[in-house]
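Assemble the whole structure, with the sequences as input and the hints as a guide.
Just so you know, the sequences run in chain order A and B. For the first sequence, the tail end lands on 109 under this note's numbering, and the numbers increase by one without skipping. For the second sequence, the tail end lands on 115 under this note's numbering, and the numbers increase by one without skipping.
Keep in mind the hints are simulated off the structure, nothing from the lab. Some hints could be false.
Simulated crosslink set (EDC-like; lysine to aspartate or glutamate; CA at most 16 Å straight-line) [as the list claims (entries may be wrong)]:
1. A:Lys101 - B:Glu44
2. B:Lys78 - B:Asp63
3. B:Lys68 - B:Glu83
4. B:Lys68 - B:Asp56
5. A:Lys67 - A:Asp55
6. B:Lys68 - B:Asp57
7. A:Lys2 - B:Asp56
8. A:Lys2 - B:Glu44
9. B:Lys78 - B:Glu14
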Amino acid sequence: QKEVEQNSGPLSVPEGAIASLNCTYSDRGSQSFFWYRQYSGKSPELIMSIYSNGDKEDGRFTAQLNKASQYVSLLIRDSQPSDSATYLCAVKGGTPLVFGKGTRLSVIA
Amino acid sequence: DAGVIQSPRHEVTEMGQEVTLRCKPISGHDYLFWYRQTMMRGLELLIYFNNNVPIDDSGMPEDRFSAKMPNASFSTLKIQPSEPRDSAVYFCASSAQTGLLNIQYFGAGTRLSVL
Numbered sequence: 001q002k003e004v005e006q007n008s009g010p011l012s013v014p015e016g017a018i019a020s021l022n023c024t025y026s027d028r029g030s031q032s033f034f035w036y037r038q039y040s041g042k043s044p045e046l047i048m049s050i051y052s053n054g055d056k057e058d059g060r061f062t063a064q065l066n067k068a069s070q071y072v073s074l075l076i077r078d079s080q081p082s083d084s085a086t087y088l089c090a091v092k093g094g095t096p097l098v099f100g101k102g103t104r105l106s107v108i109a
Numbered sequence: 001d002a003g004v005i006q007s008p009r010h011e012v013t014e015m016g017q018e019v020t021l022r023c024k025p026i027s028g029h030d031y032l033f034w035y036r037q038t039m040m041r042g043l044e045l046l047i048y049f050n051n052n053v054p055i056d057d058s059g060m061p062e063d064r065f066s067a068k069m070p071n072a073s074f075s076t077l078k079i080q081p082s083e084p085r086d087s088a089v090y091f092c093a094s095s096a097q098t099g100l101l102n103i104q105y106f107g108a109g110t111r112l113s114v115l
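See the structure below:
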């Protein structure tokens with residue numbers, strides 16, 4: 001059974017701080033990793049993808065991947081209240097993505 | 001592109017009734033996925049299709065659930081008979097196989113309430 005684990009939160013950070021979201025996965029053969037953001041009552045939307053070890057930066061977002069430790073993280077710099085949402089980690093080994101249950105982030109103004 | 005289109009957006013029905021959810025994937029995408037999301041269980045994959053053919057339906061909870069994809073631009077998820085525990089948000093997603101970067105795009109979802 002392929003599993004993706006996330007802390008459900010809520011993770012509360014003050015506005016302007018760095019939010020750090022973490023995810024571990026069980027399938028060592030996983031090749032691609034994704035972070036989706038889901039606002040309350042909305043559908044998941046992709047914000048980051050990564051498939052090589054190391055860091056990948058896109059604006060205020062940085063995805064970090066460590067395949068040896070089976071660990072992927074998302075850093076959000078200069079957090080804004082508009083970043084308050086649930087963040088879903090998704091892992092691809094075979095064709096279907098395996099999603100974690102998500103971490104709820106709350107950015108306090 | 002209009003994105004993945006789902007209908008209806010909201011469905012309220014009574015226990016025992018048949019429910020049909022509809023999905024139009026993004027044109028050119030050859031994978032289609034049906035998910036169910038609840039607070040308790042998160043986002044669960046129910047079934048997925050490749051080139052209109054069902055590949056894995058192991059996530060379908062019971063025989064009351066069925067899904068079809070008669071052509072590349074349309075899919076349905078049917079629940080018959082519906083039960084209160086089927087109340088959830090049902091998402092359809094589609095993707096194009098592009099190697100490692102197999103990005104799934106989600107529809108707006110159908111919020112189902114079974115009374």
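Evaluated hints:
1. Among the hinted pairs, A:Lys101 with B:Glu44 is consistent with the structure: their alpha-carbon atoms are about 9 Å apart, no more than 16 Å.
2. Among the hinted pairs, B:Lys78 with B:Asp63 is consistent with the structure: their alpha-carbon atoms are about 10 Å apart, no more than 16 Å.
3. Of the pairs offered as hints, the one joining B:Lys68 and B:Glu83 is violated, with about 20 Å between alpha carbons and a cut-off of 16 Å exceeded.
4. With a C-alpha separation of about 12 Å, the suggested pairing of B:Lys68 with B:Asp56 holds against the 16 Å cut-off.
5. A hinted pair counts as satisfied when its Cα atoms are at most 16 Å apart, and A:Lys67 with A:Asp55 qualifies at roughly 12 Å.
6. Restraint check: the Cα-Cα separation between B:Lys68 and B:Asp57 comes to about 11 Å, which is no more than 16 Å; the hinted pair holds.
7. A distance of roughly 15 Å separates the Cα atoms of A:Lys2 and B:Asp56; the hinted pair therefore holds under the 16 Å criterion.
8. Annotation: proposed proximity of A:Lys2 to B:Glu44 holds, straight-line Cα distance about 13 Å (limit 16 Å).
9. For the proposed pair B:Lys78 and B:Glu14, the alpha carbon gap of about 15 Å is at most 16 Å, so the pair holds.
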